[in-house]
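Listed in order, the protein sequences are those of chains A and B. Read in order, the letters of the first sequence are residues 0 to 105 in numbering that gives the first Met the number 0. Read in order, the letters of the second sequence are residues 0 to 389 in numbering that gives the first Met the number 0.
Hints are computed from structural coordinates only; laboratory data are not their basis. C-beta: ideal position from N, C-alpha, C; glycine also. Any given hint might turn out to be false.
To spell it out: a stretch of chain B is covered by chain A in this simulated footprint if at least three of its residues, at any positions, have a beta carbon under 8 angstroms from a beta carbon of chain A; those stretches are [to be verified]:
# : stretch
1 : 251-260
2 : 293-299
3 : 344-353
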Amino acid sequence: MNIETLTLDATDDGPAAVELQIEGRFDAHEIELFRTAVDTKLDSGHNHIRIELSAVEFVDSSALAELVRGMKRCREDGGDLVLASPSDPVRVILELTKLDAAFVID
Amino acid sequence: MTDVRNAEALVAARTIDSLTSALVDANDQLVALYELSKSTTGSLDEADAIEQILEHAAPLVDASSMTFEIDGVTVCTLGDPDVGKNATSVDVTTPLEMVATLRVSRDEPMGTAQSKLLTAIANTALQAAHTSRLHESAVENLIVERDHDTASALAQLALPSWRPELPGLSLFARSDPARSAGGDFFAWSVRDGRLLAAVGDVSGKGLPAALVMSSVISSATAAFQTVGDRGPGAVLAAIDASLHAYLTDASMFVTLAVIDVDASTGTLRLVSAGHSPILWRSDDRVEHLTAVCPPVGVLELSSMGLGYLAEHVLDGKPGDRLVIASDGLTEQESPAGVQFGDDGLIDVVANDKRSAFDTGTSIFDTIDHFADGVEQMDDRTLFVLDWTAP
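Bound conformation, chain B alone (with noise of 0.2 angstroms):
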């Protein structure tokens, strides 16, 4: 019975004693994790920061050297891995599919509890090494939007801050891009009396739009000063001439309309490539000015033989008016769904008999009320032109 007693006694003391040590190396292991949080660097340059973590890790598993990778890529090296007898390593992942290697060497083996802390180590290296990442990132997002605004903005510039005067004209002008700049674009000219001036839609939206659209103004502006005198048909085909190779490589298309109003005579001269709506009112008769070859970029329009581009010519006497939008005012939608449609604006020229500013300042806030809160879809642009009493 003693032998008995005493086996069962010995059994008691080494389960005692393997319960001791279990306990030993949890509470090693939760001393190292404590010291292992407290490695939390507050530097944002990847290399520091994990170069830091492993500078407190590399005790808490007495490592003789560390090596953390990722993706392949030796990111810091603690130490001469060559000294350390016993060499070993953990790979960890993140949710965004960095792959990280941490490599140790050691004297001892490692133990199990001691790899459960390697991972622990990789897993913190590398999550400060994702924190670095994401800071870079958004660096990068924020150096680019400004860059984006800039150039916006001196897109936009582009469009004259005057507004011409001209003794029996009244004019109202106004483009809302969709985003910080667009594609629409008018620009204007005063000659011997004369009011020579393009309204036009660049294809797509956005910077590249706008970037385009600064184009087609410098252009237009150069073709008013050179070949303004011959009428709007020569300032269109100077305007092709310049732009079609620009516009194909870039692959879009402008469409524009282009007029020219002597003041003295009330004379209206006006031609359009693919734009719309142009919208003629006089004598309470509203009626579309219709295009006359499809817009610039498209095909040359010294290559489709017309040889002379058929203009609209109108007398225009007071009360008369010409609107010319984009379709970013006629295409925009209500909560429904519903397009405001041409109808809607010709709705609005044929009854609204206030100045061009309030007319033109009314389909801006009619087209918001017709919006309703859904997103504005397209750059939005209007230009009205009234015939007033000298």
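Chain A with its partners taken away, still in its complex shape (with noise of 0.2 angstroms):
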């Protein structure tokens, strides 16, 4: 899996908000590195992430986990966790679980 940052346009009524490009597999093994990426976001003050999905080839349960851990963090912290252009394997998973009820899916 890799993991790139870009940092989006400023809004006028918050930070920056940030966006993990997420590509291959996104699965247990993973999670460690997607958690530090998150984490490092939320500390220095960016609790707008987009998670952008569209180059991910396959998600586990682990990796959803990481995903609510993430969301849950965002807003407890007054922002939010978007999931960006889920490839199909990612929007059947989100679809069949229901996760699709819990997240902003832009």
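Hints in hand, dock the two standalone chains.
Take a look at the structure:
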């Protein structure tokens, strides 16, 4: 899995959002890398995080749990974690698990 | 000429003396190294082992005192370091980045050959320390491994060891964790001729998931007793209310299907919190029973405004079949990296008309054959409930 970070334009009502682009398999082997990336952004004041998922080939329950954890942390801080452009395999999993009702999906 | 010859003889004699002295020194070194090699200790205690080595080595370098430090911490001191007139020290390291210093005091200055011997002594002592620490680490790992195995076995004991028997229903249930313990589970209760059951999957794997799994089973068992008469939605809501905060703290969630089957009428009521796949076969048709809400631990159900959790209500009759599996079954990969998939499971469910036990066992065998040696990547759980002639 690869994670790349982009800083998005600042808005009038808050700090700049950040986007994490994830590629490849997103599973139990990758969650530490993802958790560190998300926590680093949150600790530096970014509570609006977009997770770009268009290039994710596979996501397992451990990875979904990390997305949920990140979403909860962002919302506790007054922000949100948005799932952007999920690939078909990710979208199917989100629909089957009804997690699409819990996340903001862009 | 005579003076010249005398001078040459003198030079030759001195050369011979020098060579003889060098040979004696070399021989002394060999003897000392031989003696040092005999100092190899049988003790695995670090301080004991080093003390034995230094006691053996001190006479070889005529040391009044010897002090051995590892990473700046004194491990052993022999004699009084203030007694000798001449002090010297040598630093040695291991590939594991342990740094040791051997300090020696003696009456005479240290020669070059003895300095090399000192290095050999320091290396021998450091090697003994290294061996001792490796042994200590291995013992600690064994203790942790044993505790892990015990905890895993205890967690798996949370799964029910009995099978409910109700007229007109036949059940197969099996859970194979990917490691010594896992987060997949089932639990059930029989009340007034009704089967209440929960089948689920805690996110993650291994002992952490198994520990949460045992809590979910406890919560489900309590909910069966307290609100089971109000149906599967009430059971799910009760489990969510009792576990949401705990799951949030644990950064985990649980996909969960809860069923309520009235054995006298065959009616199935089912509600799913993010669990998939759930298949219903009736009249040779197989359909997915979809989830009504996200997994437990994601959003508090009471905060979602759902009010009433929509249930699947199905009138079961002999020949009908309910299959609840975990994603570890359908996501198992072949050597070519292809997943078994929901379609593979649907195919078996649609066409295998044997008993719940035979079909369930066959599905596990089919997955094993499909994996063809590829590591089991996730916990595998299968729950097959058949409606049979009473």
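Exercise. Apply the coverage criterion to the stretch 251-260 of chain B and chain A: a residue qualifies when its Cβ sits closer than 8 angstroms to a Cβ of the chain, and three qualifying residues are needed.
Key: Per the Cβ count (3), the hint holds.
Practice problem: Report holds or violated for chain A covering the stretch 344-353 of chain B, Cβ cut-off 8 angstroms, minimum 3 residues. | Solution: Answer violated; 0 residues pass the 8 angstroms Cβ test.
Practice problem: Tell me if chain A covers the stretch 293-299 of chain B under the three-residue, 8 angstroms CB rule, please? | Solution: Satisfied; 5 residues make the cut.
Figure legend: structure checked against the earlier numbered hints; the only hint not met is number 3.
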